[in-house]
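Q: Sequence:
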Amino acid sequence: MDMSQPVGVTPLDIQPHGPVGQPIDRVDGPLKVTGRAPYAYESREMKHPGYGFVVTATIAKGRIRDIDTATAERMPGVVHVLTHRNAPAQGEKKEQVGPLLTDTEIRHWGQPVALVVAESFEEARA
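Each residue of the sequence shown is one higher than the one before, counting from 1 in full-length UniProt numbering.
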């Protein structure tokens, strides 16, 4: 193959056809760009919403030998701490990378190992 000569038009030179690359009007567009679009949280009044904070693994691979949640559960505002010991059963999900809070196996760094639910996000994160 002689690379010193132009090859002509290639698929990369052709502009996309159809909706790809074209502007599309969205019904909710004006509300979103002006900050007036309601969030799902704002759709109905909740007297006591719960806020969650996911605690993640700080290692890439391993096994959970024990999780002591007693201190977190006693903190002001904390409603519940979910771990592999008390998380509800989950059905099979094709898009799910791995089981969430179902066993002691750490499969990757950042894997969720607990969920703290509290009366405010700051209390859940503390």
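Derived from the structure by calculation, the hints contain no laboratory data.
One or more of the hints may lead you astray.
Distance ranges between label pairs, derived from CB positions [stated by the list, open to error]:
hint, residue 1, residue 2, range
1, A40, M75, 22 to 32 Å
2, R65, P19, 48 to 58 Å
3, E45, V20, 39 to 49 Å
4, V79, W109, 24 to 34 Å
5, V9, Q90, 45 to 55 Å
6, Q15, H80, 52 to 62 Å
7, D13, N86, 55 to 65 Å
8, R36, P112, 32 to 42 Å
9, I14, V117, 50 to 60 Å
C-beta atoms are modelled at their ideal positions from N, C-alpha and C, and glycine is treated no differently.
Q: Would you mind marking each hint as holding or not holding in the structure?
A: Verification of the supplied hints:
no.	hint	in the structure
1	A40 / M75: 22 to 32 Å	holds, 27 Å
2	R65 / P19: 48 to 58 Å	holds, 53 Å
3	E45 / V20: 39 to 49 Å	holds, 41 Å
4	V79 / W109: 24 to 34 Å	holds, 28 Å
5	V9 / Q90: 45 to 55 Å	holds, 51 Å
6	Q15 / H80: 52 to 62 Å	holds, 54 Å
7	D13 / N86: 55 to 65 Å	holds, 58 Å
8	R36 / P112: 32 to 42 Å	holds, 34 Å
9	I14 / V117: 50 to 60 Å	holds, 52 Å
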